[in-house]
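*Asks:* Starting from the known structure of chain A, arrange chain B on it as the hints suggest.
Sequence lines, in order, name chains A and B. Take 25 as the starting number for the first sequence in the working numbering and just add one per residue. Take 713 as the starting number for the second sequence in the working numbering and just add one per residue.
Honestly, the hints are just simulated from the structure, not real lab data.
Derived list of chain A stretches under chain B, where covered just means 3 residues or more per stretch with a C-beta under 8 Å from a C-beta of chain B:
# : region
1 : 72–81
2 : 173–179
3 : 183–191
4 : 282–293
5 : 296–302
Have a look at the derived ranges for each label pair, beta carbon to beta carbon:
# : chain 1 : residue 1 : chain 2 : residue 2 : range
6 : B       : I1038     : A       : P38       : 44 to 52 Å
7 : B       : N1066     : A       : V42       : 54 to 62 Å
8 : A       : A74       : B       : I1038     : 28 to 36 Å
9 : A       : P167      : B       : V1190     : 45 to 53 Å
Below, a list of computed lysine-lysine pairs in the DSS-like style, where the Cα atoms sit at most 25 Å apart:
#  : chain 1 : residue 1 : chain 2 : residue 2
10 : B       : K1241     : B       : K970
11 : B       : K1241     : A       : K182
12 : B       : K875      : B       : K918
13 : B       : K848      : B       : K970
14 : B       : K953      : B       : K853
15 : B       : K853      : B       : K918
16 : A       : K182      : B       : K1019
17 : B       : K875      : A       : K69
18 : B       : K944      : A       : K195
19 : B       : K1191     : A       : K69
20 : B       : K1210     : B       : K1085
21 : B       : K970      : B       : K1260
22 : B       : K1098     : B       : K1085
23 : B       : K1260     : A       : K182
24 : A       : K246      : A       : K147
Glycine residues also receive a C-beta, built at the ideal position from the N, C-alpha and C atoms.
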Amino acid sequence: MFSYIIKRIVSLIPTLLVVSVAVFLITYLMPGGPATAMLGMEATKEELDALNEALGFNRPFLVQYFEWLGKMLKGDWGESLFLQQSVLSAIGQYFLPTLSLALLAELFALVFAIPFGILAAYKRGTTVDLALVTSTLFGIAVPGFLLGMFFMLFFGVKLQWLPVAGYVPLKDGLWNHLRYLILPALSLSTVQAALITRMTRSAVIDVLYLNYIRTARSKGLKERTVLLVHALKNAAPSVLTVVGQSFGTLITGAIVTETLFNIPGIGLLTINAINRRDIYVIQGVVLFVTLLYVGVNLTVDILYGIVDPRIQLGKK
Amino acid sequence: MRRNKITRILALGLGIALSLTACGGQSQTETKAPEAAETTTAGGTQAAETTKTAETNGAAPAAEYKDTMNIAATAQPPTLDSMTSSSNIADGIAMHIFEGLYMMDNTYTPQPILAESCDISEDGLVYTFKLREGVKFHNGKEMTAEDVVASMNRWLQTSAKAKAILGTSVFEAVDTYTVTMTVEHAASDILILLAAPSQFAAISPKEVVDAAGPEGLQEFIGTGPYKLQEWKQDQYIHLVKNSDYQSPEGETSGFAGKREASTENIYFRFVSDDATRIAGIQTGEYDAAEDIPLERYDEVAAMPGVKLHTKTGGTLTLFINTSQGIMVNQDLRLAVLAALNMEEIMYGSYGNPNLYILDPGYMNVNQEQWAVKGGEEYYNQGNAEKAKELLAKAGYNGEKIRLVTTPDYQEMYNATLVVQEQLRQAGFNAEVETYDFPVFMEHRSDPAQFDIYITSNSYQLLPSQLSVVNPGWAGLDVKEVNEGVDAIRFAASNEEAKENWNNLQAFLYEYGAASVLGHFSGVTATSQKMENFEFFHYPVYWNAKVAK
Chain A
25 MFSYIIKRIV
35 SLIPTLLVVS
45 VAVFLITYLM
55 PGGPATAMLG
65 MEATKEELDA
75 LNEALGFNRP
85 FLVQYFEWLG
95 KMLKGDWGES
105 LFLQQSVLSA
115 IGQYFLPTLS
125 LALLAELFAL
135 VFAIPFGILA
145 AYKRGTTVDL
155 ALVTSTLFGI
165 AVPGFLLGMF
175 FMLFFGVKLQ
185 WLPVAGYVPL
195 KDGLWNHLRY
205 LILPALSLST
215 VQAALITRMT
225 RSAVIDVLYL
235 NYIRTARSKG
245 LKERTVLLVH
255 ALKNAAPSVL
265 TVVGQSFGTL
275 ITGAIVTETL
285 FNIPGIGLLT
295 INAINRRDIY
305 VIQGVVLFVT
315 LLYVGVNLTV
325 DILYGIVDPR
335 IQLGKK
Chain B
713 MRRNKITRIL
723 ALGLGIALSL
733 TACGGQSQTE
743 TKAPEAAETT
753 TAGGTQAAET
763 TKTAETNGAA
773 PAAEYKDTMN
783 IAATAQPPTL
793 DSMTSSSNIA
803 DGIAMHIFEG
813 LYMMDNTYTP
823 QPILAESCDI
833 SEDGLVYTFK
843 LREGVKFHNG
853 KEMTAEDVVA
863 SMNRWLQTSA
873 KAKAILGTSV
883 FEAVDTYTVT
893 MTVEHAASDI
903 LILLAAPSQF
913 AAISPKEVVD
923 AAGPEGLQEF
933 IGTGPYKLQE
943 WKQDQYIHLV
953 KNSDYQSPEG
963 ETSGFAGKRE
973 ASTENIYFRF
983 VSDDATRIAG
993 IQTGEYDAAE
1003 DIPLERYDEV
1013 AAMPGVKLHT
1023 KTGGTLTLFI
1033 NTSQGIMVNQ
1043 DLRLAVLAAL
1053 NMEEIMYGSY
1063 GNPNLYILDP
1073 GYMNVNQEQW
1083 AVKGGEEYYN
1093 QGNAEKAKEL
1103 LAKAGYNGEK
1113 IRLVTTPDYQ
1123 EMYNATLVVQ
1133 EQLRQAGFNA
1143 EVETYDFPVF
1153 MEHRSDPAQF
1163 DIYITSNSYQ
1173 LLPSQLSVVN
1183 PGWAGLDVKE
1193 VNEGVDAIRF
1203 AASNEEAKEN
1213 WNNLQAFLYE
1223 YGAASVLGHF
1233 SGVTATSQKM
1243 ENFEFFHYPV
1253 YWNAKVAK
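Chain A on its own, in the form it takes in the complex (with noise of 0.2 Å):
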């Protein structure tokens, strides 16, 4: 396992070098510069050539390339054009919103899909599941940012249950932060709660016919047993990839949703930085992001040998 874990980040080298040239490339011919986004709409040409040369991103590809890499190496991922700040510290600084949100929308998302996704596998073919499988479509059909609109309207303006938009972080008390993050939280979490709802419903059903499962219902088990212990179990791993996916698409920033509620995550840096431009940071995001994708593969994989130990780990 711990030969496995350590060949996997080796393996991440290379994934992280072919994404830093890429995305170096895409910034470096991406058309319209920091220095346009500094001086505004009624900055002249002049101006926008002479901040460009102090700036240094008027030399070639390859000079500033190697000297973004060489400093990368060293652990500087460079200084933001923008926030006055070094890369590393503000995606610091916006991950933890993104993080509080993902954890929320991810716990919203599996409180009902689990219990719906073992119901509708056990009613398979009864109106209970038709009813939930209907629901998931609706769930994955509606995008995130109509919920998130709806929610705003009514539970925002109309009930004036939540606030409409913002974000307080944890130190200023656990119930402020997260009345900031319910419903942000909800409208991402739909989506996410339809996909695993259909994923469990399916990973249960797959096992739920096998012959171990008769052999429990034979000894006299209770269903409650069969279901939870023996056939949840044995689904776990394909729920647990979906479940892992779904988190690592929220970790990684809500773009839309975050832009809406104006919750200063990862996806709203991420978009920020694009249209400011701001190249370091663009760079050190997509960076990030990769490495946090990876992160959370690994770990899933990690966790498949600890819920089904038949998955030897880096054993052929």
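*Replies:* Leaving out everything else, chain B in the frame of chain A:
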């Protein structure tokens, strides 16, 4: 049978529950929510609320005011260094922190703010400013001549508008509280330039100015009624009242006169989504929401507790490439002007006829000195037949005309689409090229990459500051324009200056360099409980307060 029925009912219930997964989760929070709404309305802010009592004369009941004001701005400014950026948001916020020697009152007359007075030498070349004594920067240091000289000389070099007109001027210190400015040519507009709110001449301490790099000031320390407390990137700028503030005297008017710093804290929160800003002003989360989209004007106007403030803010202008490509042919340019129907374009862009006006002038229609009609016969012709004749005269052969635009500015984008249609009706092969804002700017600034573009430009105080007469803007570099600008600046009287501007504006139309499409309004929404708010050029909050 019965069991089956119950199952169905349950299934239906479950279906609804799952399809509203979100609502289900909501129930956990329902019980506590009303308290939360209270807190939200009280400012939606992290800062602790304390109560303040307004000063009243006599028996009237004392009104209580919030000590924190939340303003939803549309975007984060790139910097608060007004000299390096022409962003309106940057200038609007920076004005609460910084002050200039002179600033505009609401009749666009320069009034002394950090200066006490200004003497102009007989030949009009030397301006001697007497500074107010005892004015302190936010870092506690007293403002003296060396700070003013450092700041103003930086302004002359950094601000494109100052550089273009006053670039050869120089500021020098005479004594601790006296500064002179020496200009190359006498002109009637020098004080107006110093007081112009766009890229405004903000005074900072000398050491801060000296430490500024090419990307601008590293610290934002001014003398204004508010000081910068915190800039939380992509979230808010928090200003706090400057308790050592010494306000200029006089009645409050525009950016001039007495400044109170009435509210302890101001948060400019960056809320890019229109719907979120509007929802926030409706719930009381924000006390003001800037840039209300005009298509939602009527809806927001009908909201209880919300007040709308409207101000004509600038022109939507169409620029034609006069220096490169097919449009160097003047008849083609005049054909474009002939084809345009401004009523349709402005309606398409702003959607509410009460929020725009049709006028050929480039300058503020309310600014008596510069509101002229020169070239009006070229404005709003909407004559496709005339355009076709001019096209034939120009020998136009269906070459592609590139209209460059960006959907990041909805009004510019909408106007471009309407113009495209009008040009097509007149026989042009007009194609719209759409880019995001930075790429649009790149195309716009390079005459090889556009034929026509439309931008919304804020009002300028002087014709010489207009983008249309700036060769770097759309590449219009002809001697008539440069001479025209000089004729305005060095005119013997205001009447003569106005006449010369009228002639220059007429030339801009005759030459087919550009056309104003119309004048647009900016709309800011405030809570009805907000008092002393002034919407002048930018929203002014330093005297504003919000009753609880």
